[in-house]
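Generate the whole structure from the sequences, applying the supplied hints.
These protein sequence lines map, in sequence, to chains X and Z. Each residue of the first sequence is one higher than the one before, counting from 238 in this note's numbering. Each residue of the second sequence is one higher than the one before, counting from 5 in this note's numbering.
Do not rely on the hints blindly, as some may be mistaken.
[Stated by the list, open to error] One-sided excerpt, in silico: chain X residues whose CB lies under 8 Å from chain Z:
id, residue
1, P330
2, P351
3, S359
4, A361
By construction, these hints were calculated from the structure, which means they are not laboratory data. What you are looking at is a predicted structure, and each value in this text was computed from that prediction instead of being measured. Every residue gets a Cβ at the ideal spot worked out from N, C-alpha and C, and that includes glycine.
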Amino acid sequence: MKDLGPRETGMSDLVAENLTVALGGRPVLARVAARFRPGEVTAIVGPNGAGKSTLLACLAGLRRPDAGRVSLGAEPILGLAHRQRARRIGFLPQTPEVAWAVDVETLVGLGRTPHSGARGLSDADHAAVRAALDRTRMSDLARRDVTTLSGGERARALLARVLAGEPSWLLADEPLAGLDPGHQLDAVDLMRAFAAEPDHGVVMTLHDLGVALRLADRVLVLRDGALIADAAPLEALTPAVLERAYGVRAAIVSGSWGPLIELIGRVDD
Amino acid sequence: MTRRLLLLAGLCLLVLLLSGLSLMAGRVWVPWSAWTQAVDPRWAIIFELRLPRTILAMAVGAALGLSGAVMQGYTRNPLADPGVLGVSSMAALGAVMTMYLSLSLTTPWLLFGAAMIGAGIGVAVMLALAGGTGGTITFILAGVILNTVASAGVALALSLAPSPWAAQEIINWLLGSLADRSADDVWRALPFIAVGSGVMLMLGRALDALTLGETGAKALGIDLNLTRVLLAVGVGLASGASVAVTGMIGFVGLITPHLMRPLVGHQPRALLAPSAAAGAALVLAADILVRLTPSAAEVRLGVAMAAIGGPFFLALLISMRRRLA
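The structure is reproduced here in structure tokens:
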């Protein structure tokens with residue numbers, strides 16, 4: 238990747254340089270370099286075990302890479318105080334755990350943890366929680382016990398939890414997994430709206446290539462921990478890249494509403 | 005919020021009433037009227053015997069209740085408490101070692117130190133054994149291992165005891181009791197229980213964030229290493245000092261958060277103060293009942309708590325099984 242001078246470095250760009258992670262001798266990430274800019278929704282795709290979640294955890298500052306580094310603007314992310322980092326980067330884990338039967342409002346209030354003091358939530362915190370509930374259309378369910386929610390409602394509540402923290406970056410690990418098509422679209426709309434705010438950006442890992450193709454501004458393709466494509470969706474998800482990444486033959490066809498990926502079959506080797 | 009404050013005020017009132025009762029109740033019933041006349045010889049019973057006992061019952065109950073709430077919050081496991089996870093046994097092992105070496109009589113503070121260090125090591129080992137994954141099962145398994153090792157150590161000390169009296173002393177202490185504690189015991193235990201409880205009360209934010217799991221808490225800016233250190237120090241000091249002064253009293257930490265959840269909800273932070281107050285009330289009430297039981301020798305508090313706690317634990321398991329089914 239081209240080395241950018243300090244003048245071209247965006248104030249709130251999220252930059253990964255030379256990220257390398259090994260687990261038990263097996264390389265999980267190999268020299269991954271990428272720059273994420275505000276205003277964009279970036280999708281990270283790749284086969285199972287390609288290192289998508291590890292890359293996202295490194296970007297969120299939750300995992301220390303064996304080599305390389307992630308910076309937010311001019312600062313290395315691991316050099317930020319935990320609270321500062323948490324205020325700027327909202328992270329939505331894959332299959333998030335909710336250990337106790339708290340109500341939705343309490344759950345969403347947890348998103349304020351990086352802002353709140355020892356005495357609990359302030360008026361400003363409560364306002365942010367209400368705004369997040371409104372945005373995700375969860376206000377009516379605010380008093381409901383989280384354990385009684387349906388899968389779609391639960392996913393919305395957890396997204397509201399991240400939004401309540403008012404981060405500038407939203408990093409989501411498989412946010413659409415397990416959602417029906419309607420709820421998938423709702424979630425994508427929310428993330429697009431989030432990225433449209435000034436100085437905000439979204440990075441998410443995805444399994445569904447169709448969603449990546451149509452709804453992301455940019456797609457990163459990982460295979461065995463290495464970045465094999467980083468471009469606009471149609472340029473990244475080419476038949477050649479898909480064959481290299483997944484070992485499948487595919488064609489990009491134009492459907493009535495936009496491009497579609499048509500799976501033809503396994504590459505026989 | 006106001007409901008929680010009301011509940012807390014109610015619990016404090018209950019503790020106050022029970023401590024008044026605790027000063028009056030026992031073999032010799034000392035009515036309220038005797039308190040005002042300093043010439044009454046029963047005055048000595050109150051101040052020399054029942055006051056230290058009452059203060060210790062409150063402090064130990066609060067420490068154990070709070071430790072239970074904190075440990076359940078950290079492990080996200082409603083079955084956790086210092087007893088189940090082996091912290092109390094490790095404290096007991098530390099204390100028994102000083103008894104075995106006959107150090108406890110000459111330098112009583114050594115017993116306290118050893119118990120608190122044992123409890124702190126217990127928490128640290130539990131955290132290390134459970135690892136970063138923090139699964140519910142791994143914590144319980146870590147507790148089983150700690151309990152086994154600690155009981156083996158205690159059994160070893162018993163079997164190698166230098167004299168039958170030393171063995172008798174160890175056994176009597178292990179059963180758990182508040183009888184015949186002096187003001188000295190209060191002064192030795194109280195500061196550590198207070199500091200440990202203060203440290204645990206600082207953990208509310210982190211425990212709340214852990215509702216979202218370890219990754220979730222980390223993403224919310226919680227320093228998990230600091231949380232673990234504070235947990236080990238807080239639980240170590242408070243439950244270590246409690247075990248040192250009373251011996252083994254189980255189930256308080258397990259029961260109180262469960263009694264409070266229907267009243268204040270499941271949020272870990274909201275449970276801390278009520279669990280401490282309810283723990284104090286529970287141990288006070290149990291200690292009064294123990295004193296009022298008509299039997300030749302006083303029933304041990306540890307035994308009485310186990311008699312209450314066993315069926316409670318069973319009911320808890322049955323209700324959990326029903327929920328999972």
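Against the structure, the hints come out as follows:
1. P330: With a closest approach of 5 Å, the X/P330 hint holds.
2. P351: holds, 4 Å
3. S359: violated, 13 Å
4. A361: violated, 17 Å
Hint compliance for this structure: hints 3 and 4 are broken, all remaining hints hold.
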